[in-house]
Structure formats: structure tokens, C-alpha cells
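Sequence lines, in order, name chains A and B.
Heads up, the first sequence is in our numbering, so the first residue is 1 and it goes up one at a time.
Heads up, the second sequence is in our numbering, so the first residue is 1 and it goes up one at a time.
Hint data in this document are derived by calculation from the structure and do not stem from the laboratory.
A few of these clues could be false.
Pair by pair, the computed Cβ-Cβ distance ranges are [what the hints assert, rightly or not]:
(1) K147/B with A186/A: 15 to 25 angstroms
(2) P3/A with P3/B: 48 to 58 angstroms
(3) D210/A with E78/B: 42 to 52 angstroms
(4) S198/B with A203/A: 41 to 51 angstroms
(5) R213/A with G134/B: 44 to 54 angstroms
(6) A190/B with I209/A: 23 to 33 angstroms
(7) P171/B with R206/A: 13 to 23 angstroms
(8) E81/B with P31/A: 47 to 57 angstroms
Note that beta-carbon positions come from the ideal geometry of N, C-alpha and C, so glycine has one too.
What follows is the residue order along each chain.
Protein chains: 2
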Amino acid sequence: MNPPYTIVFALYPGVTQLDFTGPLEFLSKLPHARCVLASSRGEDIRADGGIVFADIARLGAIERCDLLLVPGGLGTIEAMEDAELLAQLRRLAASADYVSSVCTGSLLLGAAGLLKGRRAACHWAWLDSLAAFGAQPCPDRVVVDGKLISGGGVTAGIDMALTLMAEIAGPQFAQTAQLTLEYAPAPPFASGRPELASPEVLAAARQGIDQVRDRREAAVIRAAAACL
Amino acid sequence: MNPPYTIVFALYPGVTQLDFTGPLEFLSKLPHARCVLASSRGEDIRADGGIVFADIARLGAIERCDLLLVPGGLGTIEAMEDAELLAQLRRLAASADYVSSVCTGSLLLGAAGLLKGRRAACHWAWLDSLAAFGAQPCPDRVVVDGKLISGGGVTAGIDMALTLMAEIAGPQFAQTAQLTLEYAPAPPFASGRPELASPEVLAAARQGIDQVRDRREAAVIRAAAACL
Numbered sequence: 001m002n003p004p005y006t007i008v009f010a011l012y013p014g015v016t017q018l019d020f021t022g023p024l025e026f027l028s029k030l031p032h033a034r035c036v037l038a039s040s041r042g043e044d045i046r047a048d049g050g051i052v053f054a055d056i057a058r059l060g061a062i063e064r065c066d067l068l069l070v071p072g073g074l075g076t077i078e079a080m081e082d083a084e085l086l087a088q089l090r091r092l093a094a095s096a097d098y099v100s101s102v103c104t105g106s107l108l109l110g111a112a113g114l115l116k117g118r119r120a121a122c123h124w125a126w127l128d129s130l131a132a133f134g135a136q137p138c139p140d141r142v143v144v145d146g147k148l149i150s151g152g153g154v155t156a157g158i159d160m161a162l163t164l165m166a167e168i169a170g171p172q173f174a175q176t177a178q179l180t181l182e183y184a185p186a187p188p189f190a191s192g193r194p195e196l197a198s199p200e201v202l203a204a205a206r207q208g209i210d211q212v213r214d215r216r217e218a219a220v221i222r223a224a225a226a227c228l
Numbered sequence: 001m002n003p004p005y006t007i008v009f010a011l012y013p014g015v016t017q018l019d020f021t022g023p024l025e026f027l028s029k030l031p032h033a034r035c036v037l038a039s040s041r042g043e044d045i046r047a048d049g050g051i052v053f054a055d056i057a058r059l060g061a062i063e064r065c066d067l068l069l070v071p072g073g074l075g076t077i078e079a080m081e082d083a084e085l086l087a088q089l090r091r092l093a094a095s096a097d098y099v100s101s102v103c104t105g106s107l108l109l110g111a112a113g114l115l116k117g118r119r120a121a122c123h124w125a126w127l128d129s130l131a132a133f134g135a136q137p138c139p140d141r142v143v144v145d146g147k148l149i150s151g152g153g154v155t156a157g158i159d160m161a162l163t164l165m166a167e168i169a170g171p172q173f174a175q176t177a178q179l180t181l182e183y184a185p186a187p188p189f190a191s192g193r194p195e196l197a198s199p200e201v202l203a204a205a206r207q208g209i210d211q212v213r214d215r216r217e218a219a220v221i222r223a224a225a226a227c228l
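Okay, chain A solo, but in the shape it has when bound (with noise of 0.2 angstroms):
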């Protein structure tokens, strides 16, 4: 028998669910894919939207992972401050064969002290936040750096999980997940990048943005500085 291939999404309240159900659905699909949802401390958890995941393991009950994968949303805010996430998140790094991030994930990555020198993508939004932690920002959808691999915004955790799958099982197999999943994405509007959306548009995502931004910032300071 072949022993799982573990995978596991680091989770904490606030997160957004989209950041980690999409990849799930097509890393699920993996040979002998074990999916675990983990947290702090392995509480039921509240995402954006109004979700509640339950069946959730504590990150410390878990040996080790083959394939961490951490999600953005705004409870990054104090998810970046929470010592056992961020030791965790270390510690689960240091074994697995690739770690991954998606949107503000990316910032815990760096608040875990584990994108010095690396090149990682982020959320647009924040993107410049990530030089706090000693990272070199990178605006692709997708950042392939050695077996740290980022996603941007929310939905450009798909690709990334792709990318991952071709990566882990070739590209054939990645191939087929998307044949199964029939991703052959047609938005109705070209609206999904800053340079593609019209002033109106922007000056609106803006807007709900910087409802956070002092808040965001103000965290990824402190979090730099306690992990220098």
C-alpha cells in the first residue's frame, strides 16, 4: 500500500474559504491525497461568507506534511500574530517537499520567518508588504521558487494548484483534474487585474481595501519586527 500523500491547509478564523477550497478540490485528485484542515488550535472555523469547517486538526497533532498549504484573508490581520500558528507553520515547512501560499498567505509565510530571499506572490493589494519580511514581491499569478510555490489573489490559488499537481504528478495528471473539473475559465468581464479594470472599478475594490489598510499594515510591521 502507498502511504498518503499529506496535504496539509493551515487555517485560522477569518480566512477566505476560496484561498484553500479551490486548490482542495483539484489536490484532492492527487494519487493517494490525504486532505487535512488544521489549525491553532483545532477549533471549528469561521471563514469569510459565513462558512463554518469543522472536522479541523490541531497543527501541533500533525507529524509532518508532504505539502503545506497556507490561504490568505483578512484574519491574516492576527492570524500574523499568533506565535503557535507561526511555529507551527515552521515547523510543518521544514519537511515538506513543497510549501505553498495563496493571497495574504503569503504574509504568514513571512511572518514565519520563511521567505527571506525568496521571490513570492501575494494578494495585488499587499503585494509591497511582503518586502517587510525580506521577500522580493513578484506581481505573477503564479510564483514558482524552488518548492515554494505562491499564488496571487484568491482565485489565482487554482493555477497555482496546478501548477503544484503537474509538478508533484506530471502534467498529464494535471491535465485531467482540469478536464474533470472543466476549468476552462470565461469570465463575462476582463476586470481581474488593476491594469485591466476601468478607474471606476478600482477606485471601488480600493475603497473596500482600505477599510483594512491601517490595521494590515500596522500588523505587518509588528510581525516583521518580532521576526527578524
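Assemble chain B onto chain A, guided by the hints.
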């Protein structure tokens, strides 16, 4: 105060989680959106990939909704014969402004008798089955037939959600959500449809699907006979 805009996601064991978690991430940004996960019995729902969703309402306890969304999944085989689920779909659809499905969720709308004479989408591998319910199967990624809006396989739900958002709150609102969620897809491969995939990839995907074909087709025949 504005009333909530109630969006009900009708779940069942064995649902494909990305069928509804993708749309939910977008739709939850609608003004005054209240997203409700619900099932026949209100129990925790185990989806594919091993994710467990908690805080599930009982469909029968929901007075009405503005938008009803029915995701697909392997669990449709049993759900097509869940009389309580089908009765609640009929009841909620009657007063909803919009009725939507993703992937094989359209088979459930069909089994509930809601697709007679209507154009609808489905996962590419199961599209033909819609005809058994008197629907007009349509291979488009997003199909709009009046207030009935359906999406193709799994990831098509995101494109369907953006289409719905533009209908409900206008194109600029939908585009703002698209930018916030950085939905500028860039799949590393172009294998998301049977006509795009290589013969080897198509054969591998069909092999997985054929493992459940007999069970699913038999369930469609029984459900179609029951709703005539």
C-alpha cells in the same frame, strides 16, 4: 435598514464543494447578502475531498430566499431520490428571484421538475442526461434562461456567479468583486474541455467518470420517471 438578500446553497452529502464555495465567495459580496448553507436534515455535510461543513440550516425551516443555488457532485446519485430535498427545492424556487445550479446540480433541479422546457447547463460528461427531465441541454459554460441561470462543470460556477452578480447588482459591481478576488484566470494548460484536451487526457478523465456512469444513469432514469 435594508432587508438581507438571502442566498440559499442547497447541500447534501457528497456534494462537490467547489461547486458552491466558488460562487459563494463572489455572491457573498452582494449588498446585504446573507449566505445560508442548508440541507434536508440540517446535519453537518461531508463534501468530496474530506471537507466537513457545519452550521447547516434545515431547508424546511427557511421561509423563502432571493437566490437558490444547487451545486453538483457524486452525491447527486442519492440526492436525486431524496424526496424532502426535491420538495424543498420546488418550494424555495417558487418564490426566489433567481434559481441556479452548478455542474450536476442541474440534475437535481431536473429531478425536482424545475427544468421542463428550460435551457440548462451541466458538467460536460452528464449534459445529455438533462433531456430525461424534459430540459434542453446546452453546452455553454453559463446558460441564462430567464430567471434560471446554470453553469457547466465545477469551476463554471464562478463564471455563473459573476453573471448573476451583474444581473442582480450591475456590471460594475460584478467587476469590482472580480478585481477584489483577482479573477484573471491563467491556467497553465488548456485542457478544460473535451474538445481542447489531448486524447490521452480525455481517456483518463472518462475512465474516472465511467466508474460511476451506470449508477448515475440508473438514478437519472428512476428520478425522471418519478417526476413525470
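Do the hints match the structure? See the list:
no.	hint	verdict
1	K147/B with A186/A: 15 to 25 angstroms	holds (22 angstroms)
2	P3/A with P3/B: 48 to 58 angstroms	holds (53 angstroms)
3	D210/A with E78/B: 42 to 52 angstroms	holds (47 angstroms)
4	S198/B with A203/A: 41 to 51 angstroms	holds (44 angstroms)
5	R213/A with G134/B: 44 to 54 angstroms	holds (53 angstroms)
6	A190/B with I209/A: 23 to 33 angstroms	holds (32 angstroms)
7	P171/B with R206/A: 13 to 23 angstroms	holds (18 angstroms)
8	E81/B with P31/A: 47 to 57 angstroms	violated (32 angstroms)
Of the numbered hints stated above, the single one contradicted by the structure is hint 8.
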